[in-house]
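These protein sequence lines map, in sequence, to chains B, G, P and H. Terminal number for the first sequence in the numbering used here: 517, no gaps in between. Terminal number for the second sequence in the numbering used here: 1542, no gaps in between. Terminal number for the third sequence in the numbering used here: 2278, no gaps in between. Terminal number for the fourth sequence in the numbering used here: 3320, no gaps in between.
Bear in mind the hints are in silico, worked out from the structure with no lab data behind them. Some clues are possibly wrong.
Quick list of in silico lysine to any residue cross-link-like pairs, SDA-like style, CA-CA up to 20 angstroms [said to hold, decoys possible]:
1) P/K2170 / B/Y276
2) H/K3039 / P/I2138
3) P/K2170 / B/L357
4) H/K3061 / G/T1125
5) G/K1361 / G/S1414
6) H/K3061 / G/V1195
7) G/K1325 / P/Q2055
The lines below spell out each chain.
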Amino acid sequence: MSALSVRGLRIRIGGVDVVDGIDLDVAAGECLAIVGESGAGKSLTARALLGLTPPHADVAAESLVVGGVDSARFTDAQWRGVRGTGVGLVSQDALVSLDPLRRIGREVVEPLEIRRRGGGSLDDAVVALLERVAMPEPALRARQYPHELSGGLRQRALIASALAGDPRLLVADEPTTALDATVQRRILSLLGELTASGIGLLLITHDLSVVRSLADRVAVMRDGRIVETGATSRVLDEPQHSYTRELLAAVPRARAPREVMPAPVVLEATSVTKSYRSPDGTRMAVSAATISVQQGKTLGIVGESGSGKSTLARLLLALEKPDSGHVILEGAQWSESRESERRSRRGAIQLIEQDALGSFDPRHTVARALAESLALAGVARASRRARSIELLALVGLSAEVVDRRPRELSGGQRQRVAIARALARGPRILVCDEPVSALDVSVQAQVLALLDGLQRDLGLTMVFISHDLGVIAQVSDEIAVMKDGVIVEQGTATDVLTAPQHPFTKELLGASADNLF
Amino acid sequence: MSTFLALRLGATVAVIASVALLAGCATPADATHRLTYAIEGANLSAGHMDPHSSQLDVSATVQRNVLDSLVAQASDGSFVPWLATDWTISDDQLHYTFTLREDVTFTDGEPFNAEAVKANFDHITAPETASAQAASMLGFAEDGGSYVDTEVVDEFTVQVNFSKPYAPFLSAVSTALLGFWSPAVLADHADELKVGGPDISVGTGPFILSEYTPDQEIVYTANPDYKWGPENIDHSGASDIDELIVRILPEIAVRAGALTSGEVQVAGNITPAAVESIGSGFTVNSVELPGIPYSLYLNEKYGVFADERVRQAFSIGFDADAAVKSIFFGQYPRAWSILGPTTPNSYDAALEGSWPYDADKANALLDEAGWTGRDTEGYRTKDGVRLSARWIAWTPIPDDRAALADLIQSDLKSIGFEVVREALEPAAYNEQYGPKTFDITDWGFSGVDADALRSHLHTEGFQNASQVSDPEVDTLLEDAVATSDVTQRAALYTQLQEWNAQHVAIVPLYVPSLITAYSDSVENLSFDLYGRPLFYGASPGK
Amino acid sequence: MSTVLSRRAISLRRPAAPGVILAALVLAVLALAVVAPGLFTPIDPLAASASGSLQPPSSAHLFGTDQSGRDVFARVVYGARYSLAVGVGASAIALLAGLIIGVLSGLAHPAVDSVVNRAVTIAMSFPEFLLALVVIAIVGPGQLSLVVALSIAAAPAYARVARSQTFVVKRAGYVTSARSLGVSAPLIVLRHIVPNTLGPLAVMATIGVGTAIVSAAGLSFLGLGPAAPAPEWGVILSEGRNLLDRAPWITLFPGLVITVTVVSISVVGRYLQSRSTR
Amino acid sequence: MTLTPQHRGRRAAIAVVRALGGVIIAVWGAATVGFFALKAIPGDPVDVMLGVHAQVSESVKDQIREDWGLTEPLVVQYLSYLARLVRGDLGTSYQLREPVASVLTAQLPATLSLAGLAILIALVLSLTGALVIRRPWARSLASAAELVLVSSPTFWVGLMLITVFSFNLGWFPVAGSGDFRALVLPAVTLALPLTGIISQVLRQGLDAASGQPFVLTARARGLDHTQLITRHTLRHAAADSVTLTGYLVGSLVGGAVLIETVFGRAGIGRVALRAIIDRDLPVVLGVIVLGALTFAVINLLVDLAYTRLDPRQRLIEGTA
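Chain B extracted, bound-state conformation (with noise of 0.2 angstroms):
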């Protein structure tokens, strides 16, 4: 018995066709994944599977056999049926997606709450629950809330919360995109556990390495439409259609070691310590961090989230005093000196945040934005409009994007934009903390070629801070492993990606393994 079987969905938005009339079949026991970059309708079509889509949406379909009944023509009434019992959902984020106002266990019984008839007490229905995820201390992780578990937990809970009405199909968008590598790899593995006890899994994603891992079949998806479909191995391996091929050529690689000439030292911090005051004590973000960087070069910085890689970046760029230790930029004291001595020395290095959008004031255009920095760059007010064109040019933008505002703008391009401004200053150094880490991978792809294009160009030193190995391993020529605010381990790429010695860079390499092929 198949648990989901869809012949013709078609979305339509705004007179657009957003899916263009897709066929998706997945068998009791059985994983198909749909991958595809955003905006290809992915998310639209998980939806779609539960009579979710938004309002403004009208959706079409020849069938649409969720958990064994024809759903294509349902009313919202005959949708409520289904939902929880035929098909449940898995979303991305579970501090969102789980009520933060409501404890644990009575979200995850919710689903049997609203359908019992009798009265009758639920907690060992929900202790159950949990302990099908593997959730440690089921009674007491019961009665918190979503912010008092950890990442990994949570999305445990929102799980079971999905399980709870023991349905046919389990529809999965994106269930371990927020979660770090480690912690990704147990989700992965439970996925896996409840696909082999028999229920069917659509599992979304934009990430290959998690469907390698997991999926049993995939289907690739563009604007709206597949264009491939088969057995994992089969497409990964001898990819038949050119989007597909396209997608595998973007996943970063570890790149043939360059020769690996000593240079001068530019940047160094020795022994470093920042540390914060939280309510409930003080907490050490970086622990007697030492790092240098020689000339031309780049530093690869890699950890998970709350490791303290964007505080050490910070510490670098002279933007938060160390409590102890210090920065040397280019030979002379920079994290000692006051700022009115630092600033006229700021434009040797610059910085490159995650988040483009947010880095330039919302009222600001393009060109003001350079032109804020040409200023301190010394440049001439009537040659700025000039040289903010030459600069769009040499990060790969047109001319008329100057008068745009960032607002209007892709994801790619406004990284491109950030990355203009950071040269127009004219640095020797630039930290790069998550860069890429928003973007899709074929745009993330074509940024990380634009930096390696300038840094030989211009001879440029990075210090590049993601807690993506792959990335690391294509960028850097040293790699520092950060855990907890301590630097653990730290080398050069080949020694730390071949021979890692701390367990913490082991095991953070063995849940990347697949993607570094």
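Starting from the structure of chain B, add chains G, P and H where the hints point.
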């Protein structure tokens, strides 16, 4: 788990509200004869519960129910015995000797005798009482007054002595302002009389003050032992009204509504506008107030009013007739003289219609006075100075007087005479009234004796806003107060009224009436000379 | 009371275009009434006539006449000047004071900030109308004291929004990148922090004008605003309140005009708010 | 992340002490600012006491100033005021010559019953509105009505209700503070703008909450519209409304001043207004202090209610 707190918050507040409601309106229904009287009374609770110290009419109105007087003044102006069986006046009119009833007691058991009369008159003239009106009605003044003292001749005979003859004494002593508090209260609680309340406002009157909630209501219960009412009221023994409730409803719409809806049986201070909305089933009693009608006082020693011709032009420069008729819906008559028609034996009817509205004559007078220039806004000027008068009044200004002022201002503007009006708070008004730094001010002053003019026109008069200082006028006023011969007083006051018609120190506008409306169910409710209801002798009917 | 609305999330649907146009039209008419009242009616608002007292609405007197025979329509037109002056004046002063206090305490040393914040919270805990009443008790009634009272009453709300907005902007990405570019601190405040704090405050102010007009009418209704015979809307309402059964039009029309004005201001204010944060 | 019970107890104690300290500082701050501001008022309090046309000599006025201690230096007057304030004595009213405390508390029940009924009506109306109104046309109609309710001056609405319901229809007495019927119109007048604000905030709260991802999860479990509101979004919207209620209770007293004047009802609002017009400083100061105390306590309750409603606040109870 609690669903949502907002609902529970609302629920708890509701419980408090319902409890408060139940407590508020649990009125027992029983057979006692109750009568409810609604008054404006806005300032009563502001320390005006003692007629000895207060200058507000409302004080005497409510406390008349507990305060008796030595004599009563009948509607024809003659005096009848009350607590005094009879009285003799010495030939030189300096000594008034009263023989008192011997069976009168205060409601706290104290006996009423000559000692009690002396104690009360001493209280009125004592500095710490700071009496605003009663003392001057007694003829007392720190310097130059006629009242000397009160002498106890024997237990039930008292003599009041004066340094100069003081004709208005008998009519003054008939008012509640010179009524009698219990000597025990005067001895121990004199300073609390202003606040008033049960066991403090203790008199010999037909009612006993049993409950008082400031700004809301006063409850008077009948005095069972009362058998010494004034002779002009044909009722003997205790009052037929067991419980008289006086409710304070400052808003006229509220008072009128309460009467028509039956919540109250008698409603005082009814405005002319509200009279029509009373409708059938009710009697409207309107008594023109004696004394000085509502008038404008032109200050001779400050600005443009130094010239008599300007004052005359001002008085005939606006159509007072039309204004008074439209604003007061014909309820208040136009005033032509500085004394109201109902002021006992003093009104000069000849002045009626003697100075009608005449814009041309006013313009001619102003030209004659040299105000021939005109400035851009159309106002008259003389050597560059605009013809302008500053009119000050104290807040709150009643709506009808504000409307009247609008009409006066508008008419005078058409003859080039600018009037600038300033509404001042009482404190700020006093600051300007002391040194008389204004051109015009306005008020009415009710009084049962024409001697009220002395305070307004005599050089030493406290209320001489016009700053009149004319020896001739002073002697006329002093002679009038000195003689008790009715015809001679009438002649002297007529001369004074003729003088003002020419001199125009005061411009009378309308004679206010105290309008009281009451349900037809109320029987033989009588009114004093001021138009205030007298509840002794009345009965609540059903 | 409606200043609190501006801090709410914008309504999901932008207000229908026609509603906004109509509201803008009403405000244009009002502005004209302020600048050139003569255009609307030749009658002098202070011209009283005994014979014309208490006339019902007619072609000669659109809103009827009051007890002194003055034309209510003329008084409402000439009254626009008073009410809008108070509304705009009080909101502008409150915005300025709130911006300065809010931004300074947002940037100042935490100790200073907590003291200022404590004072603002105390002032905020007081209802605006009662605060205005107390201020008038001190400065005495009159048109100017209305503006002073209402701006003091409204300033704490602006200060609180300015302070919280400053905290948000202080931590925003573009301030970090400006610092790393080497822009000096005062320049960052002037070029980035103040403009981005001013945005929400300006929108809040437009809705604040409506509240100030209603409160001003309330205060002068109680006799604390400009003295009669000034044709201020609150004064006209209080002149009509004892003649409700005989001449309800004196009270009906000024109240309607106030409501329409405040509704129009709120509609335009919300429209600006939804456009600025889109 | 979890705190040991003993640790949590200590933190709660600190929070309570800090909160009470906040209330005391608020009252002290209001009293001090009020005292000096009111002393700055021009005009002689004795004139205020005697009123207009009191034929009283200067010597008597000096005597009165002595009795009321108005001749002592300002600081001494301030300190003696504070000393009495601590014992709950708010001084004596110039006009009423009664202790301010008893004057104000005597008026409390009338204003409380008015405010209580008004809040009740407003809550009931806005809650039913939020639950019932669903269709788009109903929502735009509701939001237009709310806007008009909020924009129209309360006292004018009161006057209009009197005109229609008292004069024309005669259903309710014109005013006064007698029986329950006299409370209906004033409470409805006070409740209307409240309903406007609460339902606006409630509806916007519901709209915002229904856009959240956890609502998608809840719908995926098969909940219908009413279940969604009662079990999820209303609680979020309520959390917003609770903070608003603190603000609204304050605006109720402001509204009471106007409503009590229009309807001729006794109450704290009328007393405050009369004191301000008559420049009866001790009463004005009493209203300021009582107001500061009430509103500080209300805000404290609202903060507690908010943390109770939103568990995320419980851990980080620090300053805003």
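> Which earlier hints turn out false for this structure, listed by number in ascending order?
Replying inline: Those not satisfied: there are none.
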